[in-house]
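Asker: If you count the sequence shown from 1, you need to add 3 to reach this note's numbering.
Mixed in with the good hints there might be a few duds.
[To be verified] Computed list of lysine-lysine pairs in DSSO-like fashion (alpha-carbon distance at most 27 Å, straight line):
1) Lys18 <-> Lys32
2) Lys32 <-> Lys15
3) Lys15 <-> Lys25
[Unchecked claim] Quick list of the computed label-pair ranges, beta carbon to beta carbon:
4) Ser49 <-> Lys15: 47 to 57 Å
5) Leu45 <-> Lys18: 32 to 42 Å
6) Gln51 <-> Tyr17: 44 to 54 Å
7) Ala54 <-> Lys32: 26 to 36 Å
Read the hints as simulated data drawn from the structure, not as lab findings. In this text, a Cβ means the ideal position worked out from N, Cα and C, and glycines have one as well.
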Amino acid sequence: MRLTSVPHNWEKRYKLLAISYKLLAISYKLLACRVSAISYQLSAISYQLSADG
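Hey, can you work out the whole structure from these sequences and the hints?
Answerer: Structural data, given as structure tokens:
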């Protein structure tokens, strides 16, 4: 009984780890997209200011 319960426990842990890793990857992608969008907006604003000036 112990031999069957140990791999199952490890399988659960591995699944949780995989899920958390996927969530981390998704949040990292969203953060990267947000940062690139903010930097793009800032560059556009600075370009408009330099064009106006």
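Asker: Run every hint past the structure and note whether it holds.
Answerer: Tested hints:
Restraint check: the Cα-Cα separation between Lys18 and Lys32 comes to about 21 Å, which is no more than 27 Å; the hinted pair holds. Taking the CA atoms of Lys32 and Lys15, the gap is about 26 Å. The hint holds against a cut of 27 Å. Taking the CA atoms of Lys15 and Lys25, the gap is near 15 Å; set against the 27 Å cutoff, the hint holds. About 51 Å separates the C-beta atoms of Ser49 and Lys15, a value consistent with the hinted range of 47 to 57 Å.
Between Leu45 and Lys18 the beta carbon distance is about 41 Å. The supplied range of 32 to 42 Å therefore holds. Remark: the range hint 44 to 54 Å for Gln51 to Tyr17 is upheld by a beta-carbon distance near 51 Å. Taken as a hint, the range 26 to 36 Å holds for the pair Ala54 and Lys32, whose Cβ atoms sit roughly 32 Å apart.
Checked against the numbered hints listed earlier, the structure breaks none of them; every hint is satisfied.
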